[in-house]
Amino acid sequence: MADKRKYVIPGDVVTTGPFRPEQNVILDGNKIIATAVGISEIYDDSVKVIPLAGKYIPKINDLVIGKVNSHTSLSWEVDVNSCYVGFLPAQDVFGRDFSAHADELTSKLKTGDLVAARIANFDRTRDPLITIGDRDLGKIDSGELVEISPSKVPRLIGKRGSMIQMIEEGTEAAITIGQNGWVVVSCESPEGLLKAKKAIQMVNEQAHVANLTDQIKDMLDKKGES
Amino acid sequence: MGGRDAKMVLLDENGIRCDGRKIDEPRKIVIKAGGLKNADGSAYIEFGDNKILVGVFGPRDVHPKHMSDTDTGILRVRYHMEPFSVDERKRPAPSRREIEISKVIKEALEPAVMLENFPRTAVDVFIEILQADGGTRCAALTAASVALADAGIPMRDMVAAIASGKVADTVILDVNNEEDQAGQADMPIGYMPSLEKITLLQLDGVLTPEEYKKCVEVGVEGCKIVYELQKKALNDKYFGKKGD
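Chains as they are written, first to last, in the numbering used here: chain A, 1 to 226; chain B, 1 to 244.
Keep in mind the hints are simulated off the structure, nothing from the lab.
No experiment lies behind these values; they were computed from the predicted model shown.
In this text, a Cβ means the ideal position worked out from N, Cα and C, and glycines have one as well.
Careful, some of the hints might be misleading.
Distance ranges between label pairs, derived from CB positions [unchecked claim]:
1. Asp12/B / Gln206/A: 49 to 59 Å
2. Gly205/B / Glu147/A: 29 to 39 Å
3. His66/B / Arg20/A: 36 to 46 Å
4. Gly17/A / Asp87/B: 54 to 64 Å
Work out the full structure: start from the sequences and follow the hints.
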């Protein structure tokens with residue numbers, strides 16, 4: 001697969017022939033053209049470009065970290081680092097018997113609170129509907145927020161979670177990665193926290209470097225000894 | 001703007017222009033992608049003595065709300081010249097000319113950007129001319145397209161731009177300020193090199209049909225030179241030295 005990878009910029013012809021265009025490519029005649037700066041990958045029957053820049057676009061079932069912006073009497077508005085604001089209905093938090101008179105929304109979530117949420121529904125006609133009524137979701141009480149580029153999230157997770165596992169093991173930190181590029185790191189020891197944050201920033205800045213995993217490993221090991 | 005030497009030799013007998021270039025030689029062009037931290041995407045271009053900085057924001061919420069389109073995202077462009085960008089202080093308020101160029105650049109970028117995936121949003125392009133020396137609209141369009149790519153806005157192709165023109169009855173590439181003022185014609189061209197489509201074509205001056213064709217040809221060739229530099233700027237930023 002590696003030899004089929006290519007660096008592309010918008011307008012570059014990735015390949016020609018009978019392929020199915022997937023992410024960030026368009027079909028023009030029989031040419032497949034990249035629409036973003038990124039790395040192209042050609043599979044057996046499809047082509048896609050992994051972007052290296054760009055904003056987060058919500059996708060159903062994505063785990064995101066959100067910041068509560070404001071609320072009405074029926075719902076919260078949550079900033080999910082996207083061009084659209086997340087919509088969190090009060091029923092989702094209070095349950096079916098929610099009453100706009102009896103329940104005060106700020107008792108559960110206040111402006112500025114961080115939540116781990118899932119995109120429950122999103123299409124081009126409406127703002128994304130998010131939910132926190134699931135396991136591992138809900139308000140985040142402790143930890144530090146690290147912002148990275150949403151396009152680098154897959155790199156931070158690594159193949160089958162290898163990268164993030166390595167960072168977690170090396171620092172004993174608990175890391176929650178939102179697909180929107182917001183990451184919450186919590187760790188008992190301050191050194192572990194700093195190290196984890198540094199590792200995440202390294203991934204963010206050097207996502208295109210080939211042997212990044214080894215470099216991160218070196219960094220984690222080195223600091224641990226000193 | 002006034003006070004120009006009317007007898008200036010724009011093209012000497014050896015085919016060398018007033019600034020020492022050959023007829024089909026563009027000025028020195030340097031493009032740098034990125035550079036602004038707070039913008040989602042940015043680019044800086046030096047096109048001869050033109051110095052232009054472009055910042056892109058978005059896709060983001062549209063304000064005022066009534067401008068938003070439920071079918072597609074919208075593109076907004078502001079072309080602005082700094083008061084110190086020209087010989088005599090330019091008043092900073094947008095002039096008739098700046099408003100027109102903003103519109104022209106917006107329309108030249110629209111065929112390239114694919115905003116239909118971001119309904120109810122806007123992409124804002126801010127172009128600041130730090131120093132002007134003729135051909136700013138082309139340089140600005142070139143830089144804006146790099147900044148859009150840097151912001152990760154999906155695009156069908158890059159847009160490269162350069163002006164061709166006519167001085168001393170000869171078709172030339174990349175018209176500078178002197179040639180623009182004293183020359184016979186000036187034709188800015190915006191071009192999508194991979195799709196082979198022209199997105200901007202203006203003409204100020206008089207050309208015969210043959211000269212017109214020649215001008216377009218020369219301009220398109222020039223755009224391809226500019227495109228290589230755009231490519232290099234993006235490769236340098238995203239792929240380090242590894243990019244081809």
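Hints versus structure:
no.: 1; hint: Asp12/B / Gln206/A: 49 to 59 Å; verdict: holds, 52 Å
no.: 2; hint: Gly205/B / Glu147/A: 29 to 39 Å; verdict: violated, 51 Å
no.: 3; hint: His66/B / Arg20/A: 36 to 46 Å; verdict: holds, 39 Å
no.: 4; hint: Gly17/A / Asp87/B: 54 to 64 Å; verdict: holds, 55 Å
When the structure is compared with the earlier hints, a violation turns up for hint 2 alone.
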